[in-house]
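Could you put the whole structure together from the sequences, leaning on the hints where they help?
What follows is the residue order along each chain.
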Amino acid sequence: MGVNDSLLLPVADEDGAPFWEYAARGELRVQSCAAPACGELRFPPRPCCPHCGSFASEWREMSGRGRLWSYVIPHPPLLPAYAEQAPYNAVVVELVEAPHIRLAGNVVASADAPLNSVDPARLRIGAPVRAVFCPVGPDGFPLVRWLLER
Amino acid sequence: MATLKDATAIAGIGQTAFAKRLPESEKTLACRAILAALDDAGIAPSEVDGFASYTMEETDEVEVAKAIGAGDVTFFSKVGYGGGGSCATLGHLAAAVATGQASVGVAWRSRKRGSGPRPWKNTAVQLPTPAQWTRPYGLLRPADEIGMLARRYMHEYGATRDHLFNVALACRNRANQNPDAIMYERPLTREMYMTSRWISEPLCLFDNCLETDGALACVIVSAERARDCRQRPVYLHSVAQGLPAQHHGMVNYWNDDPLTGPAWTAARQLWKQADFGPDDVDVAQIYDAFTPLVPLSLEGYGFCGRGEGGAFTEGGALESGGRLPVNTGGGGLSEAYVHGFNLITEGVKQLRGTSTAQVPDAATCLVTAGEGVPTSAVLLRN
Ligand SMILES: [Zn+2]
Numbered sequence: 558m559g560v561n562d563s564l565l566l567p568v569a570d571e572d573g574a575p576f577w578e579y580a581a582r583g584e585l586r587v588q589s590c591a592a593p594a595c596g597e598l599r600f601p602p603r604p605c606c607p608h609c610g611s612f613a614s615e616w617r618e619m620s621g622r623g624r625l626w627s628y629v630i631p632h633p634p635l636l637p638a639y640a641e642q643a644p645y646n647a648v649v650v651e652l653v654e655a656p657h658i659r660l661a662g663n664v665v666a667s668a669d670a671p672l673n674s675v676d677p678a679r680l681r682i683g684a685p686v687r688a689v690f691c692p693v694g695p696d697g698f699p700l701v702r703w704l705l706e707r
Numbered sequence: 002m003a004t005l006k007d008a009t010a011i012a013g014i015g016q017t018a019f020a021k022r023l024p025e026s027e028k029t030l031a032c033r034a035i036l037a038a039l040d041d042a043g044i045a046p047s048e049v050d051g052f053a054s055y056t057m058e059e060t061d062e063v064e065v066a067k068a069i070g071a072g073d074v075t076f077f078s079k080v081g082y083g084g085g086g087s088c089a090t091l092g093h094l095a096a097a098v099a100t101g102q103a104s105v106g107v108a109w110r111s112r113k114r115g116s117g118p119r120p121w122k123n124t125a126v127q128l129p130t131p132a133q134w135t136r137p138y139g140l141l142r143p144a145d146e147i148g149m150l151a152r153r154y155m156h157e158y159g160a161t162r163d164h165l166f167n168v169a170l171a172c173r174n175r176a177n178q179n180p181d182a183i184m185y186e187r188p189l190t191r192e193m194y195m196t197s198r199w200i201s202e203p204l205c206l207f208d209n210c211l212e213t214d215g216a217l218a219c220v221i222v223s224a225e226r227a228r229d230c231r232q233r234p235v236y237l238h239s240v241a242q243g244l245p246a247q248h249h250g251m252v253n254y255w256n257d258d259p260l261t262g263p264a265w266t267a268a269r270q271l272w273k274q275a276d277f278g279p280d281d282v283d284v285a286q287i288y289d290a291f292t293p294l295v296p297l298s299l300e301g302y303g304f305c306g307r308g309e310g311g312a313f314t315e316g317g318a319l320e321s322g323g324r325l326p327v328n329t330g331g332g333g334l335s336e337a338y339v340h341g342f343n344l345i346t347e348g349v350k351q352l353r354g355t356s357t358a359q360v361p362d363a364a365t366c367l368v369t370a371g372e373g374v375p376t377s378a379v380l381l382r383n
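Protein sequences appear in the order of chains A and B.
Heads up: the first sequence begins at 558 in our numbering, then just goes up one per residue.
Heads up: the second sequence begins at 2 in our numbering, then just goes up one per residue.
Simulated from the structure, these hints should not be mistaken for laboratory data.
For clarity, every value in this text was computed on a predicted model and none was experimentally measured.
All residues carry an ideal CB built from backbone N, CA and C; glycine is no exception.
Misleading hints may appear alongside valid ones.
Claimed, not checked - If the Cβ cut is set under 7 Å, some of the chain A residues that face chain B in the computed set are:
hint	residue
1	L564
2	L636
3	Y639
Claimed, not checked - Okay, the calculated beta carbon distance ranges per label pair:
hint	chain 1	residue 1	chain 2	residue 2	range
4	B	S197	A	C605	56 to 64 Å
5	B	T161	A	A678	14 to 22 Å
6	A	D562	B	G72	54 to 62 Å
What the hints assert, rightly or not - Footprint (simulated), chain B over chain A, 3 or more residues, beta carbon under 8 Å:
hint	region
7	589-596
8	606-617
9	657-669
Next up, the structure:
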């Protein structure tokens, strides 16, 4: 069992499930309104479009490139699997092509590296990052994680 | 248009001791606080016909009504969530009393957070929407969630750890004057703050509220009736709730502007109904589960401009005698953390003239509920 295999896994709901299904294929997709005159992206996923009310949606592929919007370095007390790797980083990334879409995650040294594999001193708000996918847990749940671009 | 302005008043307040660990159950503590508040008002429990608390409150009105000997209850209500609900409980009762749905309303909060379980450890409840987007990444606790906003705030506006320290210090200094506070006679220094352990960088130990067991209650009646009660009435001048567009609760990272939180929404409604503005507030009780909530709230409620909340704390502005004395009982950071209800009772004490850190001639007080969550606020006046 790897160091990340006892992390909490997302419990996908009906609206969120496609995000994780695409992630399992290595695709970062964001829900978007499918009404022709609208097409607004939205996150987190939900049944209908807050801009136009349409229930038609599609999942648009993103480049996976983003910038750090903010980050924290949690220290114990934490749940055991996280305390083991603390202090680690937890980040919010804004996507380059849609800065109002922000995803939480971790900056790591490689897709399956520990949560604390990057020196916190290297983290800067605005730093460019790109998405990678790390299969976690017994069924290989595809967590989205982030690599520093430089 | 009908208005709630000054139509109702707080006639009684009550509380238990505050401690890291109290032996009695939440239900017993709730009953003690409620009976103390009724005694303070000089109203018999059998006259109580309205109740309000938070959905996170685990003692329910059926049990409480039975235990205290309430009469027939004709109004009961629970405000969604935890700390954001405190002031809204008063608003719900004010609306009920002003419209004749009840005549004596009781709002309460009882909590064993000091000796009880941490809500964030209950992952079974939290992992479905919306926490599927945050918890797996180790954003586990409120301190992590608010720390994320705090770092962005510091980055955007140049707020510093010294500004956060100013908040922690003002609360601690007031608690040092309040024998009921958990941090009574336990002074805080800048060195203690700067060298304390991290909880979630950029937040350290002293940026976090206290883990507390305790309960508090308020009695609300019509303004007319309040004038015949035992204590000087404290009027509910304006009450507001706030759930901003596209708000997500705690992890408010998906708004167009996550740093313009629920305080802004509640404030617009609060001031719209009021006869006075931020400059006329004598003393404020600002929800302080974490220090950065105070500068964010100072901006939201209009005491300073956008991005100026950190600088506002400089020069002793939040201390006794400062531009806006805050959290004069010690607040959640240093008196007790009971989901903000102690901020309400402290506001009442200020307007009665009985606070342990009394602001001379205080006539108006703002009390706010949790920031970063669907929130509420109240303006009190005497
Ligand atoms: Zn649309």
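- Supplied distance hint 14 to 22 Å, evaluated on CB atoms of B:T161 and A:A678: holds, 19 Å
- Apply the coverage criterion to the region 606-617 of chain A and chain B: a residue qualifies when its Cβ sits closer than 8 Å to a Cβ of the chain, and three qualifying residues are needed. violated (count 1)
- Is it true that B:S197 and A:C605 lie within 56 to 64 Å of each other by Cβ? This hint is violated: roughly 46 Å between Cβ atoms.
- Query: With a Cβ-Cβ cutoff of 8 Å, does the region 589-596 of chain A contain at least three residues near chain B?
  - Reply: Coverage by chain B is violated for the region 589-596 of chain A (0 residues, Cβ < 8 Å).
- Proposed interface contact between A:L564 and chain B, which counts if any beta carbon pair is under 7 Å: Holds. Min distance 6 Å.
- Task: Just tell me: holds or violated, for the beta carbon distance of A:D562 and B:G72 against 54 to 62 Å?
- Result: About 58 Å separates the Cβ atoms of A:D562 and B:G72, which means 54 to 62 Å holds.
- Query: Taking 7 Å as the limit, does the beta-carbon of A:Y639 come near enough to a beta-carbon in chain B?
  - Reply: Where the cut-off is 7 Å and the nearest Cβ of chain B is about 5 Å from A:Y639, the hint holds.
- Query: For the region 657-669 of chain A, do three or more residues have a beta carbon lying closer than 8 Å to a beta carbon of chain B?
  - Reply: holds (count 7)
- Message: The hint names A:L636 as touching chain B; please verify it with the least Cβ-Cβ distance against 7 Å.
- Response: holds, 6 Å
Violated hints, in rising order: 4, 7 and 8; the structure is consistent with all others.
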